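In order, the protein sequence lines correspond to chains Z and A.
Be aware that the first sequence starts at 1, since it is given in the numbering used here, and climbs by one per residue.
Be aware that the second sequence starts at 1, since it is given in the numbering used here, and climbs by one per residue.
None of these hints come from the bench; they were simulated from the model.
Hints may be right or wrong, so weigh each one.
List of simulated lysine-lysine pairs, DSBU-like, C-alpha gap at most 30 Å [claimed, not checked]: (1) A/K194 / Z/K258; (2) Z/K229 / A/K164; (3) A/K194 / Z/K59; (4) A/K238 / Z/K150; (5) A/K238 / Z/K21.
Keep in mind the model is a prediction, meaning the values are calculated, not measured.
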Amino acid sequence: MNIVVCVKQVIDPESPPSIFKIDAATNKAEMRGVPPVIDPYGEFAVEAALKVKEAKGGKITVISLGVKLSREVVKKPLAMGADELILLDDEAYVRGDSWSTATALAAAIQKIGEYDLILCGREASDTNAGQTGPGIAEILGLPCVTIARKIDVTDGSARIERVTSDGYDVIEVPIPAVITVSNEIGEPRYPTIKGIMTAKKIEPVIWKPADISLDASKVGTAGQRTRLKKLFQPVYEGKCEFAEGDSAEEAAANLALKLRESKIL
Amino acid sequence: MAEYKGIAVYCEVKDEKMLPIAAEGLGIGRKLADELGQELAAVLVGSNAGNLAQQAIAHGADRAYVVDDPLLKDCQTDAYVSVMEKVIGQITPQVLIMGQTDSGRDLAPRLAFRLGVTVTMDCVDLAIDSESKRLLQTKPVYGGNAQAVFTSESNPQMVTIRTKAMTALEPDASRKGDITSIAADLQASDIRTKILDKVVEEVAGIKIEDAEVVVAGGRGIGSAEGFQQLEELAKMLKGAVGASRPPCDNGWLPDTLQVGLTGKIIAPELYFAIAISGSSQHMSGCSGSKTIIAINKDAEANIFRQARFGVVGDWKKVLPAFNEKVKELLAS
Numbered sequence: 001m002n003i004v005v006c007v008k009q010v011i012d013p014e015s016p017p018s019i020f021k022i023d024a025a026t027n028k029a030e031m032r033g034v035p036p037v038i039d040p041y042g043e044f045a046v047e048a049a050l051k052v053k054e055a056k057g058g059k060i061t062v063i064s065l066g067v068k069l070s071r072e073v074v075k076k077p078l079a080m081g082a083d084e085l086i087l088l089d090d091e092a093y094v095r096g097d098s099w100s101t102a103t104a105l106a107a108a109i110q111k112i113g114e115y116d117l118i119l120c121g122r123e124a125s126d127t128n129a130g131q132t133g134p135g136i137a138e139i140l141g142l143p144c145v146t147i148a149r150k151i152d153v154t155d156g157s158a159r160i161e162r163v164t165s166d167g168y169d170v171i172e173v174p175i176p177a178v179i180t181v182s183n184e185i186g187e188p189r190y191p192t193i194k195g196i197m198t199a200k201k202i203e204p205v206i207w208k209p210a211d212i213s214l215d216a217s218k219v220g221t222a223g224q225r226t227r228l229k230k231l232f233q234p235v236y237e238g239k240c241e242f243a244e245g246d247s248a249e250e251a252a253a254n255l256a257l258k259l260r261e262s263k264i265l
Numbered sequence: 001m002a003e004y005k006g007i008a009v010y011c012e013v014k015d016e017k018m019l020p021i022a023a024e025g026l027g028i029g030r031k032l033a034d035e036l037g038q039e040l041a042a043v044l045v046g047s048n049a050g051n052l053a054q055q056a057i058a059h060g061a062d063r064a065y066v067v068d069d070p071l072l073k074d075c076q077t078d079a080y081v082s083v084m085e086k087v088i089g090q091i092t093p094q095v096l097i098m099g100q101t102d103s104g105r106d107l108a109p110r111l112a113f114r115l116g117v118t119v120t121m122d123c124v125d126l127a128i129d130s131e132s133k134r135l136l137q138t139k140p141v142y143g144g145n146a147q148a149v150f151t152s153e154s155n156p157q158m159v160t161i162r163t164k165a166m167t168a169l170e171p172d173a174s175r176k177g178d179i180t181s182i183a184a185d186l187q188a189s190d191i192r193t194k195i196l197d198k199v200v201e202e203v204a205g206i207k208i209e210d211a212e213v214v215v216a217g218g219r220g221i222g223s224a225e226g227f228q229q230l231e232e233l234a235k236m237l238k239g240a241v242g243a244s245r246p247p248c249d250n251g252w253l254p255d256t257l258q259v260g261l262t263g264k265i266i267a268p269e270l271y272f273a274i275a276i277s278g279s280s281q282h283m284s285g286c287s288g289s290k291t292i293i294a295i296n297k298d299a300e301a302n303i304f305r306q307a308r309f310g311v312v313g314d315w316k317k318v319l320p321a322f323n324e325k326v327k328e329l330l331a332s
């Protein structure tokens, strides 16, 4: 079983909103003073891959696309138990949209050549789009199931539980297929000491656009089909009226009275 | 090259009914079409979808295109992508609006890539740029920490819209419009996936997306038992119980009760956030609430930036006393 997992390096989405800042001149966002992380949904995809590998055996190849990716960050899937790491790391990939990103990832997957499952997070925590996985499926002509909470692989097909708003659907799909993974798959495992030591010894393979037979005009900003016009932080008035009291109980009763006064209750 | 003109709204059909988000899409679609002086088309795809065309016209469409085929009974994306590719090829709209629903999340990106364009997912605002006449597509990013405005480089300019972010028009049954039928041209073998089962996880009482009052708890509630006190309040106010992600991930509540970006996006009259810090990803699911009331022991918690009323304190002490007082006030 050959499993490819696509992960992304992002600013830490678990950081408190108070340190989230936007540089208006460059339309770039940062979590001030906090290092980047592997996108949490990508980690769920790695976890899903490890579960399939445990059941069926095989090899997990992780691909990440970016510019000057932090080796420490992108090696985490290796420390969790993945086998190989391919980085599409080059200035040419800078500021792509989902079109140029999916194009490059699909080209890299084609170069890998052998794959049964391609896993992505259900969306990235920065763009919140969920477009790259289905996009890769379309480019490669593969079937696709999104928002998986369980993946069971049998001969030649995968049985997937897809999260819906009122439960889940059980879907069977022939493989190779693209599957995007949701948090319901279960908490990603922590890297073990042994895993971290192994990861240290694995050198990532670096592919520039020419290595995946892509012209520079197809990647990064040049390959975009969407333009970011503006990035801004919504402003909240912050007019919270606090109910107070000498004790928690008194404050609680005062809250109820306030709500009655405002005709909310 | 075909000329791309007009606004098209994909009106999602489920169980032979048009979803509410279809009317919301037609509402904003009508506004954009009027601004551009162009037509608004509704696209209905499904089994027995033909009966719904008039309903789409009543909600603002100038004309409707219907693809009706028994193979379209379940929303299988393989089938829907190929049908929609054909329909869009025929009507060549400048803008295509879809809904950010279970199936929209799957169908919209697949269709976009099939058409050679991208789609801006989960838009909360759509407007026409006064100079370029292109669609300005505003969507939350970074888990709701920021919003981004995008434009598409090519046509159709595709978007999905967030539930309840746009306003539907009052239906006008006297509106008239052409209804065009398009053949699906599908073979059963075109559909590579097979739906083996649809599991509905029933929740007793009012559905969270329909409730006027939602009492939600966060990680700080600590256990499934803790949620019983939230249920007590929800019951008194005829509301529903919800949660941020950690209680669902921990199995204290079913996943279907998760409020947030990747869970339910709701807009009740009254939203109680109890022991919820208010991460942006959670706020994405509830910031449309009319009034937010927060109980949290951390006075600096993000939730208080969007709450109208609040108490700083341990919910274990605050909530029982609050419930007691509410009971007393409701009885008087």
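The hints, checked one at a time:
no.	hint	verdict
1	A/K194 / Z/K258	violated, 54 Å
2	Z/K229 / A/K164	holds, 24 Å
3	A/K194 / Z/K59	holds, 27 Å
4	A/K238 / Z/K150	violated, 34 Å
5	A/K238 / Z/K21	violated, 40 Å
Hint compliance for this structure: hints 1, 4, 5 are not met, and every other hint is.
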